[in-house]
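There are 2 protein chains.
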Amino acid sequence: MELTPLLNKQLKTPLYMQLYQYIKKEIETGGISPGTLLPPIRHLCEHLQLSKNTVESAYQQLTAEGYTESMPRICIKVLPLEKTLMPPSQLKVHTNREPKETEQSSAATYDFKYGDIDLSHFPFKTWRRCLQNALDSEDHDLFLYGDHKGDFGLRSELAKYLFQARGVRCVPEQIVICSGTQNAVGLLCQLLSMNGRLVAAENPGYDGVRSVFLNHGCAIQPIGLETDGINLSQLAASRAKLVYITPSHQFPYGMVLPIQKRLKLLEWASRENVYIIEDDYDSEFRYQGRPIPSLKALDKKENVIYLGTFSKSFLPAARLSYIVLPSKLADEFQEKLGRYSQSASPIIQKAMFLFMKEGFFERHIRKMKKVYQEKHKTLISAIKTHFGNDMEIIGEKAGLHILMKTGRRARDLIHKAEKLGVKVYQVSDFWLEPHESSSSIVMAGFGGLSAAEIEEGISILRKAWLSSSKQER
Amino acid sequence: MELTPLLNKQLKTPLYMQLYQYIKKEIETGGISPGTLLPPIRHLCEHLQLSKNTVESAYQQLTAEGYTESMPRICIKVLPLEKTLMPPSQLKVHTNREPKETEQSSAATYDFKYGDIDLSHFPFKTWRRCLQNALDSEDHDLFLYGDHKGDFGLRSELAKYLFQARGVRCVPEQIVICSGTQNAVGLLCQLLSMNGRLVAAENPGYDGVRSVFLNHGCAIQPIGLETDGINLSQLAASRAKLVYITPSHQFPYGMVLPIQKRLKLLEWASRENVYIIEDDYDSEFRYQGRPIPSLKALDKKENVIYLGTFSKSFLPAARLSYIVLPSKLADEFQEKLGRYSQSASPIIQKAMFLFMKEGFFERHIRKMKKVYQEKHKTLISAIKTHFGNDMEIIGEKAGLHILMKTGRRARDLIHKAEKLGVKVYQVSDFWLEPHESSSSIVMAGFGGLSAAEIEEGISILRKAWLSSSKQER
Ligand SMILES: Cc1ncc(COP(=O)(O)O)c(C=O)c1O
Ligand SMILES: Cc1ncc(COP(=O)(O)O)c(C=O)c1O
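The listed protein sequences correspond, in order, to chains S and F.
One point on numbering: in the UniProt record's numbering, the residue at position 62 of the first sequence is 62, and numbering is uninterrupted.
One point on numbering: in the UniProt record's numbering, the residue at position 130 of the second sequence is 130, and numbering is uninterrupted.
Treat identical chains as interchangeable: a pair holds within one or across any two.
Derived DSS-like pairs: lysine-lysine, alpha-carbon spacing no greater than 25 Å straight-line:
(1) Lys357 / Lys369
(2) Lys261 / Lys9
(3) Lys357 / Lys160
(4) Lys12 / Lys261
(5) Lys77 / Lys357
(6) Lys423 / Lys384
Note that these hints are calculated values from the structure, not bench results.
Remember, predicted model here, so these are calculated numbers, not experimental data.
Produce the complete structure using the sequences and hints provided.
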């Protein structure tokens with residue numbers, strides 16, 4: 001440990017006394033706790049630019065008064081105080097969220113949490129080796145700031161991947177690596193000077209991104225959904241110059257925006273000079289029908305800003321996402337945000353680059369598609385088996401979650417499930433304003449649970465919900 | 001590789017023909033390059049939900065027309081085209097900065113680049129082991145999103161460290177881990193709803209942070225410097241409710257704000273209800289006198305928002321920094337930014353936690369203080385030896401850089417140095433408006449060079465500058 005008191009030579013109190021008083025006070029107020037070893041005299045002299053005498057005198061005084069004891073080899077140990085230690089009052093912070101969350105999640109046996117992914121099939125060994133190889137690199141840049149837009153190799157691999165998997169044609173210069181989708185949207189708000197301006201967004205939609213817009217001073221214009229996705233005439237009527245949309249899997253409803261609507265949307269955007277932010281967060285995972293290329297793939301006039309993330313397809317803990325900018329915005333990015341350093345670690349980026357380059361990423365996705373498809377099938381059939389017609393399933397086309405709708409209040413259902421150790425989630429936050437439909441829908445993410453756990457979880461849900469519906473009668 | 005064409009069953013053109021046309025066009029326009037292996041038939045069938053026949057027919061057609069050739073084991077390889085491949089025109093992006101930067105830095109033999117750090121004393125082995133141990137963790141949370149404010153263990157270690165090294169008293173709940181100082185300031189702009197509001201900042205000052213304020217719609221009120229730091233009466237006159245300041249080492253001038261001024265500043269802030277952002281970026285490295293505790297350490301009324309970074313004390317590539325929030329702001333953070341996921345990787349955070357917990361961080365800093373002090377001494381004495389009174393050294397108290405001032409134009413000096421393979425830097429960006437003093441100052445970071453390189457670099461500077469000053473006559 002080190003100590004950094006404020007010592008003043010100009011004062012009448014000698015330095016050793018000032019040091020002694022400082023340490024004493026810290027011991028009394030709990031800043032330094034019993035059992036702590038004070039810094040060796042030599043270190044403290046060096047650190048504080050004091051003479052050996054000064055520090056020694058302060059330590060002797062403390063020991064003389066019973067605050068500390070000398071240990072062999074010039075260690076000084078802090079002793080317990082008689083009275084209870086009062087932590088200084090300013091150190092109390094009321095935190096609403098932190099403890100609650102930890103408590104809850106540790107209690108649940110089956111947690112259908114959206115955002116969790118399958119870790120049992122994750123290639124930990126390979127990923128570890130990629131990290132290791134990155135760390136073994138001779139390239140010193142890897143340990144400094146790195147390219148401000150992100151590792152060039154990673155961006156090149158991404159350009160290839162996006163073309164092959166999503167039909168996106170871009171060069172690495174258009175790609176900006178970010179540390180998560182919210183980080184990306186924050187940068188876009190700055191790039192497009194969105195403060196005080198209107199953003200159109202699907203309602204319901206992803207609250208995580210919406211809060212970024214709001215915190216950047218945007219107003220959100222909620223746009224309703226039709227069975228095949230965003231309502232285009234409402235959108236046109238909004239007169240917004242920026243739209244945030246999840247066309248591959250509408251979040252949270254899961255519908256896929258059909259090709260005709262995509263073309264209409266793009267035509268409108270080009271006519272009205274609108275930028276569309278396409279959040280393609282989990283498009284890798286679809287279980288029915290043919291893949292539809294991204295909106296960006298159809299974007300001839302460069303109205304689409306494409307967002308992707310490694311959080312679903314790889315690992316949330318990589319904290320890696322990316323923007324594909326239209327080329328005119330790529331120049332503007334350079335000008336306006338060119339002084340920003342990259343926020344994702346070059347080490348993680350390099351490891352990800354290696355993982356992609358060696359073909360592991362492609363293989364991983366191919367495997368995970370099957371894994372999640374299996375889980376998805378299990379989930380749907382478990383719900384059908386246990387609930388039959390009592391339960392409507394929404395969002396069967398979404399990638400890693402579904403919605404369940406009953407005639408009953410979501411809040412009660414969630415509470416009842418939790419009592420039996422199963423966590424499912426409310427969806428009300430996805431609506432901009434409190435909304436009736438949300439009150440009878442619960443959300444179940446299935447990425448983090450095994451097929452067997454999904455089965456078991458749903459069967460417990462039945463117990464929780466059916467028995468209680470009897471009680472209700 | 002994977003392909004994601006837009007196929008439409010409703011069209012008259014059969015699916016195999018659509019697929020064939022798509023691939024053919026991609027080959028022709030360079031989207032798929034010669035030598036590429038097309039996906040195995042089985043994969044493509046699965047991916048596109050097509051029959052084996054359809055894919056086979058498309059591939060056969062391509063091979064028949066000489067675009068591809070069949071390889072053993074059902075691989076299909078793309079052949080070179082006769083004509084030169086024209087990359088699609090939309091793929092050209094004008095990038096001002098990227099190639100230029102790489103060119104330049106590779107050319108220089110001695111690069112006095114601010115931001116580079118000493119890597120030759122970095123404990124790579126220990127850091128690698130910490131990362132390894134983090135990856136071996138059984139804790140699944142480590143591979144998901146992690147705590148939105150950052151790893152709790154890391155925040156606890158930071159609270160301890162900040163108390164010991166900087167006199168900051170805080171609890172982990174007040175700490176928010178960020179992915180760099182700019183990321184931190186971006187979050188603060190949102191937290192404090194800074195759009196359209198005034199921020200007072202030292203002039204000259206750190207342009208990296210200033211650009212974040214500007215991009216969040218703030219106006220910057222430049223505050224002049226005195227020999228002992230920020231001009232307090234100018235500051236008071238500004239009527240700003242937020243100040244960004246570098247009190248430990250003014251950036252770029254390096255002066256230390258004395259204790260009397262600190263107390264006055266705090267008193268004013270508390271009286272006027274002002275928040276002070278204290279950027280304590282490189283306070284670990286001071287080479288003269290006793291350490292002064294941070295402004296935050298003196299902040300009884302909780303007006304100071306403290307910023308720290310691991311970029312100087314550890315590794316820029318960790319991309320880890322932190323905010324210490326006053327407790328009332330910690331609550332507000334939860335409310336307003338509580339939905340944001342953490343942007344630093346939980347893996348890196350855990351490794352950093354282990355590195356701190358085991359005492360390596362403290363040891364590292366103790367060592368690096370000596371290393372940098374030695375370099376600093378070498379630099380100063382080399383300048384004195386080679387330039388004598390022709391060169392004024394400014395910022396001798398700064399941590400990892402100094403400023404050199406001559407009567408001559410910085411731009412010429414930089415250019416002349418570069419020709420002989422030495423890079424030093426201009427400082428004009430640190431002034432909010434073009435400013436006369438900046439034109440004769442050059443900046444030299446010394447973190448990344450060894451003592452011998454510093455010696456040699458400065459002696460080359462003398463050659464570059466003295467010989468050319470003769471030419472000028
Ligand atoms: C619609 C949507 N976009 C993006 C993300 C992923 O965000 P990130 O990249 O920050 O992990 C999510 C995850 O919850 C999401 O639901
Ligand atoms: C004044 C100042 N603050 C902070 C930083 C560090 O920023 P980061 O944490 O993004 O590496 C620097 C580095 O250049 C700086 O000069």
